[in-house]
Structure formats: C-alpha cells, structure tokens
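Participant: Sequence:
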Amino acid sequence: ASQRYGPPESAGAVNPTVFDADTCDFRPLAPLPRPFAAAAAEATAAIANLSRPDVSLSWEGFVRGGAHAMATFDDQTATFVNLKAAARPAPNRTLIFLATHASDCHLVHLQSCWPGALRNAATLSRADVLLFVGARLQLTAADVAPYVDALFRLENANVSLAWSWWNPDKQHGAVAPMVIAARRRWFEGYEWIVRANPDISLVDPLPLEARMASSASAVLFICGIRGDTPRVDSDFFAGRPELMDQEYWTRMPPADPSMRKEIEWSTKDVFRLRSAEWSTTDVFRRASPDATLWDHGPSSGCRVNAWGILHDHRHCRRTPLRLPVTDAARQH
Numbered sequence: 001a002s003q004r005y006g007p008p009e010s011a012g013a014v015n016p017t018v019f020d021a022d023t024c025d026f027r028p029l030a031p032l033p034r035p036f037a038a039a040a041a042e043a044t045a046a047i048a049n050l051s052r053p054d055v056s057l058s059w060e061g062f063v064r065g066g067a068h069a070m071a072t073f074d075d076q077t078a079t080f081v082n083l084k085a086a087a088r089p090a091p092n093r094t095l096i097f098l099a100t101h102a103s104d105c106h107l108v109h110l111q112s113c114w115p116g117a118l119r120n121a122a123t124l125s126r127a128d129v130l131l132f133v134g135a136r137l138q139l140t141a142a143d144v145a146p147y148v149d150a151l152f153r154l155e156n157a158n159v160s161l162a163w164s165w166w167n168p169d170k171q172h173g174a175v176a177p178m179v180i181a182a183r184r185r186w187f188e189g190y191e192w193i194v195r196a197n198p199d200i201s202l203v204d205p206l207p208l209e210a211r212m213a214s215s216a217s218a219v220l221f222i223c224g225i226r227g228d229t230p231r232v233d234s235d236f237f238a239g240r241p242e243l244m245d246q247e248y249w250t251r252m253p254p255a256d257p258s259m260r261k262e263i264e265w266s267t268k269d270v271f272r273l274r275s276a277e278w279s280t281t282d283v284f285r286r287a288s289p290d291a292t293l294w295d296h297g298p299s300s301g302c303r304v305n306a307w308g309i310l311h312d313h314r315h316c317r318r319t320p321l322r323l324p325v326t327d328a329a330r331q332h
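Position one of the sequence shown corresponds to residue 1 (our numbering), numbered consecutively onward.
Don't read these hints as lab results, they were simulated from the structure. Note that CB positions come from ideal geometry on N, CA and C, so glycine has one too. Worth double-checking, as some hints may not be accurate.
Claimed, not checked - Label pairs and their computed distance ranges (CB to CB):
| id | residue 1 | residue 2 | range |
| --- | --- | --- | --- |
| 1 | R317 | E247 | 26 to 32 Å |
| 2 | L29 | L50 | 22 to 28 Å |
| 3 | R185 | R317 | 37 to 43 Å |
| 4 | R183 | A210 | 30 to 36 Å |
| 5 | A157 | A30 | 28 to 34 Å |
| 6 | P28 | S125 | 19 to 25 Å |
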C-alpha cells in the first residue's frame, strides 16, 4: 500500500514570522579581502565569456537530454566549486541550495539578509552553500559581479557557484535547478539538502534545525490539500537526498502560465520511502510518514510565513548594492 502523508502541523499555535532589526543589513559593503576579490573577479570574467545562444534550449529538449541538448547546456554553464578554497568538507554535511533567476529582488536578499541569517544559525552556519543562477541573456558582466560578490560574503567556509545563461521560463525555471543538480550529482554525500529561493528569509532557523537533527526524512511546508494529498511549497523545503525521487522533477507538462500549482505538486512527489514501489502513472506519490509537514502560515498564495521562515517581498523595491567585483580586485 502507498504511504500516506500525515496531517500538517497547524501554525495556529505559532506566531507568524516577522522581520526584526537583525534580519537584514542594508549598509554599504566594504571591498572583499584580496584573495576573495581576485577569485571573484576571475569567476565573473569566466561567466561573462560563456556562450550565449541565439535560440535557447527548450525545456522539452533539456528533459530529453540528448547529446546536442546537453552540449548546448554545457556551453552556457560554468561551475565554480569551493570558491574560498576551504579545506575539503567532511562527508554527510548539509548543503544549502539557493536557486535564482537573477532578479534584483533575489539579489537584495542574497546580499543583505542571508549573511546574517546563516551567521546566527547553529547548524546551517557550518553547511556548504551552492548558488545556482539561471540568468537572463541580457545581463552584462557588471550585473554578474554582485552575485559572485554576495556569495563570497557568506561566512560559510565552503561556497560554490553554478551559473547558466539558460533559463527555460518562469515556471520550469523553478524546477530546472533541481533537475540539473540531480543529473550532475551535486547532492551526493550530503545528509540534508535545504533548497530555497534567495527571497526567503531564515528569521529564526532553530525550528528547522531542530527537525533536521531528528529522524525526520523531510521538512515540507503545506499550502493546500487535494483530496488527501497535500500541496507542498516548492520555494523552500529540506530533505534527505536518499529519499528524493529526482526523476519526478522532469515530469512536467509544456510551459503554461497557470502551471504554478503543478510545480508545488511536483515538489511533494519527490519525497518518498526508499523501499516503496510506485506506479509510474501515480503522479502524486506519497511521502515517507517520517516527513515533517508544517502549515505554511497566514500568507497569501503558497508562501511560507511560519516556523521562523518568511517569504516576503517587502524589500524587493530596494536597489541592490552594486559593488563591482572587478574594481575591488584592482584595488589590491
């Protein structure tokens, strides 16, 4: 028999997550230290020189994964592992996987909110960080530099960057980073994967870290029920990679402006029991009964606002801090 989700934990007894004075720091940035500035400038130049296609690779072509499609994708993508040259990490660590389409909103939060959030987290401050950028083709090297710079400013020792000039569209673009990570085996060797959009703020990471320290198989935010199957937030979740059925990320229909909810259903389908057998036609697979399900809180749509985590766009009108990495490198 298929495993069923249990009921989500209500957020009724939990206050909505709100920003406090320490959540974000919008003060101007000082130049990076010399070794970081030089490495950031090198990465920025390499990204700017990547191939930019006349015709973008389609989602359907990418999912089929033929030799031509993968060669096209590889020409548009660069990966920079362990940018800070930290000591080789121990196995079974946590990976924070941030994915962005290179919007100013995401950049503001990446620059000003994530450094403090991770600095104040007991477990996540020691995690590896991988930032995936699926960028718009019209960006210039000057636009690239702040993302590279922001990654170096995280105090986590091991930070990596994957930059691609391929982004299929707004809806499939939310799923593509997970497909790429699975195909390139970026999650192998990690005990936990925390996947987030940069505009999600970890105001209080303690509830999440406590569940990750337990026997939970995943921590998922629920924002609706279809029959007895929950709808899971796709912008933030945490899970053990060995319990993730990655093939479900590619089982999406052609692009459709109304498809946002289907991405969230797809998120739910990834988590399952290792020993369970599932029908390939069973689109809505059941998660392990060990998954922690949290109500997403009092917010509109499918945006988390509970348990210390907040998806809020109040800072999106701010102008990102535009410290040019190349100029910072020349100062040293």
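Participant: If a hint holds in the structure, say so; if it doesn't, say that too.
Facilitator: Quick rundown of the hints versus the structure:
1. The hinted range of 26 to 32 Å is not satisfied by R317 and E247, whose Cβ atoms lie roughly 39 Å apart.
2. For L29 and L50, the Cβ-Cβ distance of about 25 Å falls inside the hinted range of 22 to 28 Å, so the restraint holds.
3. Here the CB-CB span from R185 to R317 is close to 39 Å, well matched to the stated 37 to 43 Å.
4. The beta-carbon spacing between R183 and A210, approximately 32 Å, falls within the hinted interval of 30 to 36 Å.
5. Take A157 and A30: their Cβ atoms lie about 20 Å apart, and the range 28 to 34 Å is violated.
6. Between P28 and S125 the CB atoms are about 24 Å apart, so this pair conforms to the stated range of 19 to 25 Å.
Against the hints set out earlier in the document, violations occur for numbers 1, 5.
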